[in-house]
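J.: Each chain is listed here by its residues.
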Amino acid sequence: MRLIWKLLRKHISIFELSVFFVANLIGMVVILGGIQIYSDLKPLVAGDNALVGNDYVVISKPVKRLNSKTVFSAEEIEELKSQPFTLRLGEFTPAMYKVYGGIDIAGQRFSTYMFFEAIPNDFIDVKSKEWKFDKSKHRVPIIIPRNYLNLYNFGFSQTSDQLPQITESMMKDLELDLTLGGGDKSIKFKGRVVGFTDRLNTILVPQKFIDWSNKRLAKDETAEISRLILEVENPSDPKLLDYFHDHGYVPEGKPAESNKALFLLKVGSGVIVGVGLIFSILSLIILTLSIYLLLQKNIDKLRTLIQIGYRPTVVATPYNIIAVILNASIMVISIWILSHVRVLYIDYLAEAAGREIEGGMTLTIAAGVALMIAMIMFNIYIIRRKVTQISRMK
Amino acid sequence: MSTIRLNNVIPEIFAHNTDVNSDVWRKEISLEQGKKYLIEAASGTGKSSLCSYIYGLRSDYQGQILFDGQDVSKFSINKWCDIRQSTISILFQDLRLFGELTAMENVQIKHRLHKLHNNKVIKGWFDQLGIADKMDTRIDHMSYGQQQRVALIRSLCQPFEFLILDEPISHLDDYNSDVMRDILLCEVERQGAGLIITSIGKHMNIEYDKILSL
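If you read the protein sequences in the order shown, they are chains A and B.
Heads up: the first sequence begins at 1 in the working numbering, then just goes up one per residue.
Heads up: the second sequence begins at 1 in the working numbering, then just goes up one per residue.
Check before you lean on any hint, since a few could be wrong.
Stated by the list, open to error - In silico DSSO-like pairs for lysine-lysine, Cα to Cα no more than 27 angstroms straight-line:
| id | chain 1 | residue 1 | chain 2 | residue 2 |
| --- | --- | --- | --- | --- |
| 1 | A | Lys-190 | A | Lys-69 |
| 2 | B | Lys-35 | A | Lys-6 |
| 3 | A | Lys-81 | A | Lys-239 |
| 4 | B | Lys-35 | B | Lys-202 |
| 5 | A | Lys-6 | B | Lys-120 |
| 6 | A | Lys-172 | A | Lys-127 |
| 7 | B | Lys-123 | A | Lys-6 |
| 8 | A | Lys-135 | A | Lys-185 |
| 9 | A | Lys-190 | A | Lys-98 |
If you are wondering where the hints come from, they were derived from the structure by calculation, not from laboratory data.
Construct the complete structure from the given sequences, taking the supplied hints into account.
T.: This is the structure in structure tokens:
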């Protein structure tokens, strides 16, 4: 290989390769930078614990008069499921029995009638290990809306000296005495708040618990569905809003523009990645041209080597090695640069968000490796094509 | 490979000539391993073309060339590379050496594919051919006659069943021509190979099994 290398390295233009190197490095840093920014910001904008916006809509029918029915029929649910804007649909299953709950706060006893509802676990924005139901223990985990706690802290507590304000973790330590159902059939249960939701305006218990307790306590009635939760791509989609309007469904919760931040992030990082791609494609063209030029300058030597018995693959090896070294070092340097740039902004971001930024550079590194492999494959392909062409020459 | 067979082969540019008078073109001939052939021809009768056809560099001919019955027109580039590495060796008329490599490097770049001889043998050939002092000289600093000798050494640095020499002594004096003959006959005998030499007049003194006029 030493002699082949000695023979073929002539004409290798450091200038051309440097231009490719720099152009591709810029392209790679911009592409991977776009991906990194996207993956750093996305958890803040979308996902289970997003700061802004999410893609869920809860709908119900308006109460129009006393005793009016606000339930969804099976047909209505099926029709909603089949709409193009519906990604997933979950039903709120209500407890079909009375719930009476009592709680001691600083020696004061609070007791009230309340209600339970359940939705499939996938739709719940609170993650808790305790979110499971075991009937033998007579305990049930509960998730309440965060604003219920606020209602207590800034309402009840403010108006009474005997009621202290309590934190979320204190709330989680309190035990609720629950009486489910009435008359002979009633069951005593212990309840504990395991989380607070911003998404759902109801008192949630596990679906399994509702199914079990309804079977046991409800008076022959099947649970009627009066609220639905939809996962949608874009809650401000006019088609969706028109559909709700036409069918008399009322969306509740956050305003429809909540999704705009995610949309802006997608567009922003898309533009960055696009610019990076253009850089990389241009640099790839430069590399392709320099490889062609290099092979063209060495055409006689390459042809003679093949004519004295060297296989085209062997003759192509030095060029393949150049391509691999260039692309691999571009990838490594890009990741190195990005990891340093990320250190500069990640603290500001964490401060602005008020919490740790989840995730690291895994996605970026994976994308970098994938791009590198794609570049190398492309380079090897054009080298092979050119060498094969040369090997067919007289 | 024991036989190279030419079935009615003729270069395409001669195909329209009806009065081709040749022992090779448009004839059925067999070149056998272990025998020595001289192909004599005037300039421009297609000598180098014939070498290129047999060596797989060109295919602008009509008719068929068969290696042990196999039509060579179907061979892949890799198959040809294998043949050029270990079945047929050639000394090109235009030598095709690498100008920026030294004489020894030009030989080694071929020799390293098989490492057939030890370095002593190769240096011995340089010595016999009177170019021992040129081993480390770049090819483009050597005379054509000297280059011709280097090209011969290179062509002997591989296993072969046929050795093709395209005008090997065009720039050599009689003495060097005889030395070259002795070396190559020795190697051809040792490998039990067939020998095909072309010439436009001046040729080596060898007992040829057949002399063909192109």
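J.: Are the hints correct? Go through all of them and say.
T.: Status of each hint after checking the structure:
1. With a C-alpha separation of about 32 angstroms, the suggested pair Lys-190(A) and Lys-69(A) falls outside the 27 angstroms cut-off, and the hint is violated.
2. Annotation: proposed proximity of Lys-35(B) to Lys-6(A) is violated, straight-line Cα distance about 39 angstroms (limit 27 angstroms).
3. Pair hint Lys-81(A) plus Lys-239(A) holds up; C-alpha atoms about 14 angstroms apart against a cutoff of 27 angstroms.
4. Between Lys-35(B) and Lys-202(B) the CA atoms are separated by roughly 20 angstroms; this keeps the pair inside 27 angstroms, and the hint holds.
5. Pair hint Lys-6(A) plus Lys-120(B) holds up; C-alpha atoms about 24 angstroms apart against a cutoff of 27 angstroms.
6. At most 27 angstroms may separate the alpha-carbon atoms for a hinted pair to count; Lys-172(A) and Lys-127(A) meet this at roughly 14 angstroms.
7. For the proposed pair Lys-123(B) and Lys-6(A), the alpha carbon gap of about 22 angstroms is at most 27 angstroms, so the pair holds.
8. Of the supplied pair hints, the one linking Lys-135(A) and Lys-185(A) holds, its CA atoms being roughly 16 angstroms apart against a limit of 27 angstroms.
9. At roughly 15 angstroms between alpha-carbon atoms, Lys-190(A) and Lys-98(A) fall within 27 angstroms of each other, so this suggested pair holds.
Hint violations for this structure: numbers 1, 2, all remaining hints satisfied.
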